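Asks: In case you want the letters, here they are:
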Amino acid sequence: MSENIVSFRHVSMQFPGVLANDDVSFDIRKGEVFALVGENGAGKSTLMNILYGMNTPTGGQVIIKGKTVERFDPSQAIAMGVGMVHQHFMLVPSFTVAQNVTLGREPRKWGFVSDLKKANAIVDGLVEEYGLTVNTRDRVQDISVGLQQRVEILKTLHRGADILILDEPTAVLTPQETEELFSVIRRIVREKHMTIIIITHKLYEVMAISDRVGVMRSGKLVGVENTCDVNERILASMMVGRDVLLGELDRHDPEVMDNDVAVTLDHIQVTDDRGLPAIRDISLELHRGEILGIAGIEGNGQSQLIEAITAMRPLRGGDIRIGGVSIRKMTPGQVRALGVAHVPEERLKTGVSAPADVTDNLIAGREKEKRFSLFRTHMKRKAVRQYAEELFEQYDIRGAGVDVPVGSLSGGNMQKVVVAREFSFNTPVLMISQPTRGVDIGAMEAIHQFIIDKRNAGCAILLISADLDELFRLSDRLMTIYEGRITGEFTPSTIEKTEISYYMTGGSKEAQA
Amino acid sequence: MKKKNMLEYLLALLISVVLAMAVGALIMLATGHDPLEGYVLMFQGAFATQRALGNTLAKAATLCLTGLATAVAAQAGIFNVGGEGQLYLGAMASAVLGAKLAGMSPWIAVPLCLLAAMAAGGLYAWIPGVLKVKMKVDEVITTILLNTAAIYFCSYLANGPLKTMERGISSGTDSVDPAFMFDKLIRRSNLTESLFLTIIITVFIWYLMKKSTTGFQMKLTGQNGRFARYSGIKSDRLALLSMVISGAICGLVGMFEVFGLHKRFIVTVSNEFYFDGMLVAMIARYNPVGIILMSLFFGAMKIGGAAMELNAEIPSTLVVIIQSIIIFFMAAEGGVTTLLKERISRRRTAATLQKGDQA
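The listed protein sequences derive, respectively, from chains A and B.
Under my numbering, think of the first position of the first sequence as 188, with each following residue one higher.
Under my numbering, think of the first position of the second sequence as 58, with each following residue one higher.
Derived from the structure by calculation, the hints contain no laboratory data.
Quantities reported herein were computed from a predicted structural model and do not represent experimental measurements.
Backbone N, C-alpha and C define an ideal beta-carbon position, used for all residues, glycine too.
Be aware that one or more of the hints could be misleading.
[Said to hold, decoys possible] With beta-carbon atoms standing in for the labels, derived distance ranges: (1) B/Ile257 / A/Ser513: 31 to 37 Å; (2) B/Glu65 / A/Lys557: 32 to 38 Å; (3) B/Ile201 / A/Glu366: 53 to 59 Å; (4) A/Val591 / B/Ser162: 40 to 46 Å; (5) A/Arg295 / B/Asp195: 33 to 39 Å; (6) A/Ala587 / B/Asp195: 55 to 61 Å; (7) B/Ile201 / A/Gln581: 34 to 40 Å; (8) A/Gln274 / B/Ala388: 31 to 37 Å.
[As the list claims (entries may be wrong)] Coverage of chain A stretches by chain B, computed from C-beta distances (three or more under 8 Å per stretch; other residues unrestricted): (9) 283 to 296; (10) 531 to 540; (11) 543 to 555.
The whole structure should be built from the sequences, with the hints applied where relevant.
Replies: Here you go:
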């Protein structure tokens with residue numbers, strides 16, 4: 188039997204108002220792929236941050252390779268062979284792959300000049316040794332997200348890690364990139380006897396890659412199982428503490444059957460932040476009572492599409508009409524007044540004001556409504572608070588209450604705040620982007636049902652998601668987007684995911700025929 | 058701010074004041090002065106006589122207004138460093154108008170002068186505001202530069218084209234009609250009727266920032282401009298509005314100086330009043346109630362410090378050092394309290410965990 192390489196002994200972590208880890212004890216064995224799963228806010232990331240030395244636990248012990256950790260500090264953890272790849276990469280975009288990998292430990296010439304040649308050679312050696320194919324001379328800003336992740340992994344290997352923590356590694360990857368990552372993981376475990384800890388929400392990935400799986404729920408460890416002894420359904424019910432039936436959504440014919448066009452896009456062109464074309468030419472019609480899903484690999488214009496429709500980004504050409512009205516010259520506020528709500532892609536940047544409390548975030552945009560203000564001037568704080576508490580209940584937001592800053596909530600609950608606010612506007616048109624990114628199964632299930640309910644009630648919904656399962660599950664119609672153009676239109680029931688991937692990566696009907 | 062937080066915050070401020078005064082005492086000891094005597098003199102200098110009390114209140118009123126001017130802009134995410142220039146222009150505009158309208162009923166003339174001061178200060182703040190929201194020009198740089206422009210422009214006017222012909226006045230504009238002047242509330246002190254206006258403005262700004270929908274929108278704009286825009290808030294317009302309000306208050310402070318004390322615009326109408334207020338606002342973390350309290354404290358310290366210098370022969374530089382240390386401790390207050398809180402909560406959880414183990 189293989190030895191234990193990491194042991195958690197009664198580890199607890201108390202944050203102000205939240206017990207993030209509650210008496211967690213388990214072992215991780217040398218040379219295994221250990222999956223750590225749980226809902227948002229279950230304490231997975233907190234626990235791994237402790238292992239990586241970023242948090243000091245308020246109780247218990249961590250033992251790495253037989254040595255009890257005395258001082259929690261990332262440099263200490265790195266010295267003990269622990270490496271971590273975070274969800275958000277920490278790379279210098281203008282540096283080359285080799286420079287990023289050796290950053291902080293650059294090989295030096297004459298004692299002080301960094302030796303780029305040597306760095307390239309070292310990193311080339313690592314690439315060869317571990318089979319993580321990437322061109323070490325490319326600048327990080329020019330390579331895909333999947334390759335950037337490899338750079339992060341190489342960085343930890345360069346620092347001598349043999350215990351590698353991957354925090355939601357597949358969240359930003361395409362299905363193909365995910366497959367490649369998994370084969371890399373399998374190889375380095377088999378050939379290099381590395382230990383991999385993978386934090387994830389996606390249960391089929393747990394089944395595909397891990398040897399053992401630990402399930403966490405509200406700070407506690409529910410259990411550790413051999414992956415071959417469980418299935419997705421068992422894991423899901425361990426995570427949420429009840430049976431989850433994915434795939435049974437209450438979908439029926441929308442109440443409005445007139446099939447009205449709610450939103451029309453007429454040959455629109457949009458540029459990105461750098462002024463480069465993001466949407467080259469897109470025309471489409473969004474009908475009432477339908478969910479139109481847009482599938483595409485990130486960075487192909489889907490973000491700009493929704494920003495253009497909500498007037499967050501100016502149109503460079505073409506026209507958008509909502510209910511027959513052109514929004515060319517409108518502000519986001521005016522578009523909202525037309526009856527458009529918007530769940531934005533980046534919740535921290537756009538969807539919430541992190542320092543403001545939950546209450547403020549739940550009513551932002553409706554502070555001048557009659558029920559919340561006197562003469563549009565005086566805020567009725569009591570009514571506001573009461574309303575916020577209602578939404579808090581109704582959307583099952585979990586946190587220390589409506590008075591804490593939204594920034595202190597977990598990602599999934601933050602997303603619920605956004606969804607609660609936007610859906611409560613009861614608008615006929617909904618623009619939804621990445622509604623369940625980084626959200627646990629329980630919340631995902633709830634959000635999916637909220638979306639379907641809106642559709643059933645006759646809303647016109649445009650849905651953008653990097654999660655193909657989600658798109659297939661929710662959409663009535665699917666379009667693929669590539670390089671700012673629509674490359675195909677499909678009915679989810681008549682097409683395979685692999686087929687969609689083909690169109691997402693630039694394939695076209697003509698080329699295939 | 059929630060009630061409990063407010064209490065915690067006030068307690069923390071109190072602790073830092075005490076700590077700072079302890080360090081100040083050590084410095085006095087080290088330089089051969091009796092700290093007890095020094096502080097007693099400081100206290101007496103600020104409160105013991107009617108005149109002292111009046112001067113302290115007058116100083117506090119100025120600090121409070123300039124502090125609120127900083128805070129109202131900060132709420133919408135703009136750092137107005139240009140209040141000094143806005144103050145000068147407000148003083149100049151109201152002084153010129155006050156002299157021109159001589160003979161008119163004060164009930165008409167004084168409100169007109171108030172409006173002129175607010176317009177001058179507000180418009181001058183509008184310039185960096187527009188540059189900020191339309192062209193993303195950093196307001197800190199523009200407001201600092203515009204300060205210099207305004208102060209020298211006013212200085213030129215007061216010594217050149219608008220210089221008074223009155224005898225014995227070497228620099229300054231014509232004096233305003235004495236009937237327009239604010240009466241003193243306490244004889245021989247600097248406290249005038251402008252205190253009432255100060256109170257009205259203070260309440261108004263507090264209401265605006267904490268209770269109104271506009272203040273709510275300003276707050277969201279300042280916290281996350283993109284989120285505010287996304288929520289349908291006209292964040293550019295609000296940022297501009299907050300800047301204009303900030304400038305208008307500064308203009309009024311200038312007018313109060315002219316119509317309360319100097320009778321005319323003089324080049325020394327302000328002695329960095331705005332920067333003192335800015336400091337107060339920052340220490341009070343832009344909280345209106347905190348600004349009111351801090352203004353009183355700093356007003357007392359300024360006036361009392363001067364008395365301490367006169368009576369205890371403690372050199373003025375030492376007074377400045379003590380003041381700086383107090384400010385330093387208060388500024389560090391935030392960091393100190395979070396540090397303490399973390400310590401306490403960690404110890405608590407450790408204790409509960411231990412208890413759990415024993416059980």
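Asks: All the hints need checking, so say for each whether the structure fits it.
Replies: Comparing the hints with the structure gives:
{"no.": "1", "hint": "B/Ile257 / A/Ser513: 31 to 37 Å", "in the structure": "violated (46 Å)"}
{"no.": "2", "hint": "B/Glu65 / A/Lys557: 32 to 38 Å", "in the structure": "holds (35 Å)"}
{"no.": "3", "hint": "B/Ile201 / A/Glu366: 53 to 59 Å", "in the structure": "holds (56 Å)"}
{"no.": "4", "hint": "A/Val591 / B/Ser162: 40 to 46 Å", "in the structure": "violated (56 Å)"}
{"no.": "5", "hint": "A/Arg295 / B/Asp195: 33 to 39 Å", "in the structure": "holds (38 Å)"}
{"no.": "6", "hint": "A/Ala587 / B/Asp195: 55 to 61 Å", "in the structure": "violated (37 Å)"}
{"no.": "7", "hint": "B/Ile201 / A/Gln581: 34 to 40 Å", "in the structure": "violated (49 Å)"}
{"no.": "8", "hint": "A/Gln274 / B/Ala388: 31 to 37 Å", "in the structure": "holds (35 Å)"}
{"no.": "9", "hint": "283 to 296", "in the structure": "violated (count 0)"}
{"no.": "10", "hint": "531 to 540", "in the structure": "holds (count 6)"}
{"no.": "11", "hint": "543 to 555", "in the structure": "holds (count 6)"}
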